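Participant: Read top to bottom, the protein sequences are chains P and F.
For the record, in the first sequence the residue sitting at position 206 is 206 according to the working numbering, with numbers rising by one throughout.
For the record, in the second sequence the residue sitting at position 356 is 356 according to the working numbering, with numbers rising by one throughout.
It cannot be assumed that every hint is accurate.
[Stated by the list, open to error] Partial chain F-side listing against chain P, Cβ under 7 angstroms, derived:
{"id": "1", "residue": "Gln164"}
{"id": "2", "residue": "Lys167"}
{"id": "3", "residue": "Leu432"}
{"id": "4", "residue": "Tyr538"}
[What the hints assert, rightly or not] Which stretches of chain P does chain F cover? Using the computed rule of at least three CB atoms under 8 angstroms from a CB of chain F, they are:
{"id": "5", "region": "1 to 7"}
{"id": "6", "region": "84 to 93"}
{"id": "7", "region": "101 to 113"}
{"id": "8", "region": "188 to 195"}
[Claimed, not checked] The calculated EDC-like cross-link candidates involving lysine to aspartate or glutamate, where the alpha carbons are at most 16 angstroms apart (straight line), are:
{"id": "9", "chain 1": "P", "residue 1": "Lys58", "chain 2": "F", "residue 2": "Asp403"}
{"id": "10", "chain 1": "P", "residue 1": "Lys15", "chain 2": "F", "residue 2": "Asp427"}
{"id": "11", "chain 1": "P", "residue 1": "Lys58", "chain 2": "F", "residue 2": "Glu362"}
{"id": "12", "chain 1": "P", "residue 1": "Lys15", "chain 2": "F", "residue 2": "Asp43"}
{"id": "13", "chain 1": "P", "residue 1": "Lys58", "chain 2": "F", "residue 2": "Asp407"}
{"id": "14", "chain 1": "P", "residue 1": "Lys170", "chain 2": "P", "residue 2": "Asp142"}
{"id": "15", "chain 1": "P", "residue 1": "Lys165", "chain 2": "P", "residue 2": "Asp74"}
{"id": "16", "chain 1": "F", "residue 1": "Lys98", "chain 2": "F", "residue 2": "Glu182"}
No lab work stands behind these hints, which were simulated from the structure alone.
A quick note: this is a predicted structure, and the numbers were derived from the prediction, not measured.
We put the beta carbon where it would ideally sit given N, CA and C, even for glycine.
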Amino acid sequence: MYGSGIVRGLGVTLKHFVNTYLEDIRWGFRRHVPDEAFPLRQGLETRGIFTVEYPDEKIATPERFRFIPFLVVDNYDHPERPGHDWCTSCGICAKACPPQCIWIVRGTNPETGRPVPEPAEFYIDIDICMNCGFCAEFCPFDAIKMDHDYELASYDRTSAHIFNKQRLSKEFRYWQSIAPTRAAEEAQARGGWEHKDVLKQREKEARAQAKASESGS
Amino acid sequence: MTEHVQVAETVTPLEDAINRLEARFAGAVRRDDREGYSGVIVDPGKLVEVATFVRDTLGFSYLSSATAVDYLGKSEGDHLEMVYHTYNLQGGPALVLKTQTPRGEATLPSLVGVWPGANFQEREAWDLMGIRFAGHPNLKRILMWEGFHGHPLRKDWREAYYEQDTKPFDSRWPEGHVSRAEEHNPYGKNVTYPAGFTLDDYESQAEKALYEDVPMGVHVTDMATDRVVVSMGPQHPSTHGVFRMVVALDGETIVALEPVMGYLHRNHEKIGERNTFLHNMPFTDRLDYFCSMSNNLGYAVAVEKLLALGKRWDPPTYRAEAIRVLMVELTRILNHLVAIGFLLNDLGAYFTPLMYAIIERELILDFFEAVSGSRMMCNYMRFGGVAYDLPERIQSTAALVNDRVRDFDTMHYLRALINDRLPRAIDQTNDLLTTNEIITNRCIGVGVLTREDAIAYSAAGPVLRASGVPYDVRRAEPYSIYPDLEFDVAVRYHGDIYDRYLIRLDEMRQSIRILKQVLPILEETRGQPFFAGRGGQYNPRIPAGEAYGRAENPKGELGYYVVSDGGQNPWRYHVRSPSFINLTALEQMCKGHKVADVVGILGSIDIVLGEVDR
Numbered sequence: 001m002y003g004s005g006i007v008r009g010l011g012v013t014l015k016h017f018v019n020t021y022l023e024d025i026r027w028g029f030r031r032h033v034p035d036e037a038f039p040l041r042q043g044l045e046t047r048g049i050f051t052v053e054y055p056d057e058k059i060a061t062p063e064r065f066r067f068i069p070f071l072v073v074d075n076y077d078h079p080e081r082p083g084h085d086w087c088t089s090c091g092i093c094a095k096a097c098p099p100q101c102i103w104i105v106r107g108t109n110p111e112t113g114r115p116v117p118e119p120a121e122f123y124i125d126i127d128i129c130m131n132c133g134f135c136a137e138f139c140p141f142d143a144i145k146m147d148h149d150y151e152l153a154s155y156d157r158t159s160a161h162i163f164n165k166q167r168l169s170k171e172f173r174y175w176q177s178i179a180p181t182r183a184a185e186e187a188q189a190r191g192g193w194e195h196k197d198v199l200k201q202r203e204k205e206a207r208a209q210a211k212a213s214e215s216g217s
Numbered sequence: 001m002t003e004h005v006q007v008a009e010t011v012t013p014l015e016d017a018i019n020r021l022e023a024r025f026a027g028a029v030r031r032d033d034r035e036g037y038s039g040v041i042v043d044p045g046k047l048v049e050v051a052t053f054v055r056d057t058l059g060f061s062y063l064s065s066a067t068a069v070d071y072l073g074k075s076e077g078d079h080l081e082m083v084y085h086t087y088n089l090q091g092g093p094a095l096v097l098k099t100q101t102p103r104g105e106a107t108l109p110s111l112v113g114v115w116p117g118a119n120f121q122e123r124e125a126w127d128l129m130g131i132r133f134a135g136h137p138n139l140k141r142i143l144m145w146e147g148f149h150g151h152p153l154r155k156d157w158r159e160a161y162y163e164q165d166t167k168p169f170d171s172r173w174p175e176g177h178v179s180r181a182e183e184h185n186p187y188g189k190n191v192t193y194p195a196g197f198t199l200d201d202y203e204s205q206a207e208k209a210l211y212e213d214v215p216m217g218v219h220v221t222d223m224a225t226d227r228v229v230v231s232m233g234p235q236h237p238s239t240h241g242v243f244r245m246v247v248a249l250d251g252e253t254i255v256a257l258e259p260v261m262g263y264l265h266r267n268h269e270k271i272g273e274r275n276t277f278l279h280n281m282p283f284t285d286r287l288d289y290f291c292s293m294s295n296n297l298g299y300a301v302a303v304e305k306l307l308a309l310g311k312r313w314d315p316p317t318y319r320a321e322a323i324r325v326l327m328v329e330l331t332r333i334l335n336h337l338v339a340i341g342f343l344l345n346d347l348g349a350y351f352t353p354l355m356y357a358i359i360e361r362e363l364i365l366d367f368f369e370a371v372s373g374s375r376m377m378c379n380y381m382r383f384g385g386v387a388y389d390l391p392e393r394i395q396s397t398a399a400l401v402n403d404r405v406r407d408f409d410t411m412h413y414l415r416a417l418i419n420d421r422l423p424r425a426i427d428q429t430n431d432l433l434t435t436n437e438i439i440t441n442r443c444i445g446v447g448v449l450t451r452e453d454a455i456a457y458s459a460a461g462p463v464l465r466a467s468g469v470p471y472d473v474r475r476a477e478p479y480s481i482y483p484d485l486e487f488d489v490a491v492r493y494h495g496d497i498y499d500r501y502l503i504r505l506d507e508m509r510q511s512i513r514i515l516k517q518v519l520p521i522l523e524e525t526r527g528q529p530f531f532a533g534r535g536g537q538y539n540p541r542i543p544a545g546e547a548y549g550r551a552e553n554p555k556g557e558l559g560y561y562v563v564s565d566g567g568q569n570p571w572r573y574h575v576r577s578p579s580f581i582n583l584t585a586l587e588q589m590c591k592g593h594k595v596a597d598v599v600g601i602l603g604s605i606d607i608v609l610g611e612v613d614r
């Protein structure tokens with residue numbers, strides 16, 4: 001019959017319409033999806049409407065989510081080196097960066113003039129950054145990581161969009177909070193929660209101590 | 001199994017074809033014996049004859065890609081080289097034809113007479129490389145505007161914010177004092193203008209040229225005729241982006257159509273040649289931004305072919321290949337759902353089918369985000385595997401205000417998605433649209449591309465298969481683990497909009513079939529390496545040579561022609577984009593139909609401007 005195809009199609013939209021209200025009844029017509037219902041309203045079980053009312057509700061980003069990078073520094077209440085950069089200014093991130101948005105000034109000792117393993121300056125032009133995550137992927141010191149904070153609107157692109165070292169630095173604690181499993185995996189690979197160099201130093205000291213106590217006895 | 005294999009040395013069909021070619025055109029055809037290269041080099045004078053012979057007698061009737069390479073400063077002498085990849089539609093590897101011309105007065109015979117599909121590709125080669133094609137019907141610039149000075153892909157051409165020939169740039173480390181490119185180089189010192197150029201006298205030749213040629217005898221200023229020229233786009237809601245068609249109309253009927261593109265042109269290939277090999281991976285995401293996973297795979301296939309030329313090379317592990325196929329087939333489903341949605345938008349079903357498609361796409365994108373870290377710009381494949389293994393759980397942690405948290409088991413999520421949710425979504429699309437009388441009236445018999453035309457115009461993907469050519473790269477020149485998987489190549493025979501719609505439903509069903517076979521492989525290989533060889537190499541050594549890697553993208557055959565000179569950057573990086581080449585046949589499909597049908601026909605080709613304009 002002519003027109004039956006249209007009626008059949010309208011049946012599909014009607015089903016969606018009814019399902020939306022059935023789900024609303026189920027959650028008591030609350031304006032925003034309650035926390036416990038969220039995986040059901042934004043998941044494989046959803047039959048009705050599929051909307052998230054940003055910014056009143058936001059979908060939390062998964063661990064691997066990558067947005068503009070940040071630099072990991074030791075926690076500000078770290079006993080030995082509070083706020084110390086994990087970055088050693090080796091420059092691998094700057095080389096691996098496809099749009100070349102990372103600028104690093106290698107740190108030098110003002111007395112000897114020799115390079116020291118920390119950056120004097122570190123810039124990322126976030127207008128150029130393409131969020132590919134190569135810097136974090138290839139950093140041998142786990143010192144640069146991709147952030148989860150995607151709300152970065154600003155009023156002036158010329159002054160506000162070049163992030164300097166201070167703006168980029170975030171505590172190690174923050175990385176643990178946004179990516180707990182990956183932080184744990186990386187710590188396991190390094191052999192501890194500290195920076196690679198600190199762990200190496202401690203190992204060295206422990207060995208020296210053991211040697212000293214051995215020769216002493 | 002081995003005892004059945006005959007040890008007798010058999011000549012492969014490709015070898016045989018080359019032998020016959022050499023015998024027939026002795027002196028004009030020689031094998032390309034440069035290390036890492038394949039195919040034959042043809043004398044330009046004999047090119048048309050050779051191409052006709054290759055097409056008609058040898059059976060390599062499908063021209064996949066035609067592109068140019070600039071060998072400036074290379075040992076064999078400065079020349080431009082045109083490279084044609086031709087395929088037999090029965091399957092098998094490419095017969096590669098090459099022909100060379102000096103850089104100064106670069107002229108080659110046009111092959112549009114042999115393969116109409118070379119039309120846009122030759123225009124692109126003229127535009128970007130500056131090779132003139134004698135006998136081309138309409139040799140105008142295609143991506144740049146008419147009147148542009150220079151040919152951007154030539155090695156001695158420099159872009160406005162040129163900094164250095166190749167990345168990584170020296171200014172970034174160890175003395176990396178930040179500066180913005182536009183402050184550093186206002187109106188760049190390296191921008192060249194033609195001699196005697198002044199801005200005051202500048203008049204756009206692009207518009208003039210367009211309206212001089214298209215109207216086919218219509219004088220735009222003189223309206224004493226019922227033929228009119230209409231410019232559709234570039235800001236037209238149905239052109240899927242900034243795409244423009246200049247249409248000559250007789251009443252409401254289309255008599256001529258000229259696509260105008262390049263509004264989104266960013267010289268992707270030049271950027272690719274400045275980049276290192278790995279740098280290009282995230283850039284491929286931006287080609288067809290619906291299918292970044294498949295774009296990644298095509299590029300990985302191409303570079304892995306180059307890597308295989310070297311001595312030390314570990315092919316991707318089985319798990320890596322299984323994950324790749326999982327990603328690519330999910331991409332195919334999401335692309336086809338959205339393509340059907342947009343097609344229906346174009347036909348006037350304002351957004352309802354599209355929004356239903358986007359719900360399913362959302363679920364797939366959630367999975368992509370949890371695995372690769374990004375919803376659309378996945379940047380997930382690497383040379384030799386993938387970037388990360390599948391996570392145990394798709395979970396999130398609240399980091400921002402009002403964040404709502406979800407937590408699913410990955411394999412459970414995949415199983416529910418593939419076995420239940422997506423098949424239901426495909427059936428729902430079918431119920432919603434297939435028998436709808438408005439759709440059948442507007443689609444059946446409209447925009448027909450015949451089998452012969454589809455082959456001649458180098459159409460690819462659903463457009464080719466809807467015209468009755470069962471050609472699918474996954475079967476014709478298999479890559480990844482497709483030989484182990486059971487699926488059919490979908491084919492339809494009418495070549496109209498309706499068949500191009502139906503074939504997308506068929507292909508989604510085949511993808512579901514593939515995915516159902518991939519799931520157990522993923523379970524079995526759990527915990528196995530997802531990357532072959534040494535990880536953590538941001539700058540792998542790529543041996544010198546050429547490779548043409550192609551993958552069956554949702555929109556058609558995506559090819560990457562990559563030439564390496566052994567350095568850390570590709571010497572040539574060309575993208576054979578299906579959207580761009582499928583547009584070659586647009587005029588053919590539209591002629592004789594009403595102006596309202598153009599929108600539907602364009603929608604049925606399914607283009608993405610990021611890929612058309614590159």
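Participant: For every hint, state whether the structure bears it out.
Facilitator: Now for the hints, and whether the structure bears them out:
1. Gln164: Result: violated, 9 angstroms to nearest chain P Cβ.
2. Lys167: Check passed: Cβ of Lys167 (chain F) comes within 6 angstroms of chain P, closer than 7 angstroms.
3. Leu432: This hint holds: Leu432 (chain F) lies near chain P, its Cβ roughly 4 angstroms from the closest one there, short of 7 angstroms.
4. Tyr538: Given a least distance of 4 angstroms, the restraint on Tyr538 (chain F) holds.
5. 1 to 7: As far as the region 1 to 7 of chain P goes, the hint holds, because 5 residues have Cβ atoms under 8 angstroms from chain F.
6. 84 to 93: holds (count 3)
7. 101 to 113: holds (count 5)
8. 188 to 195: violated (count 0)
9. P:Lys58 x F:Asp403: OK: Lys58 (chain P) and Asp403 (chain F) at ~5 angstroms, within 16 angstroms.
10. P:Lys15 x F:Asp427: holds, 14 angstroms
11. P:Lys58 x F:Glu362: holds, 14 angstroms
12. P:Lys15 x F:Asp43: Judged against 16 angstroms, a Cα distance of about 65 angstroms means the pair is violated.
13. P:Lys58 x F:Asp407: Within the cut-off at roughly 15 angstroms; holds.
14. P:Lys170 x P:Asp142: Given pair Lys170 (chain P), Asp142 (chain P) holds - Cα atoms ~13 angstroms apart, limit 16 angstroms.
15. P:Lys165 x P:Asp74: Judged against 16 angstroms, a Cα distance of about 14 angstroms means the pair holds.
16. F:Lys98 x F:Glu182: violated, 40 angstroms
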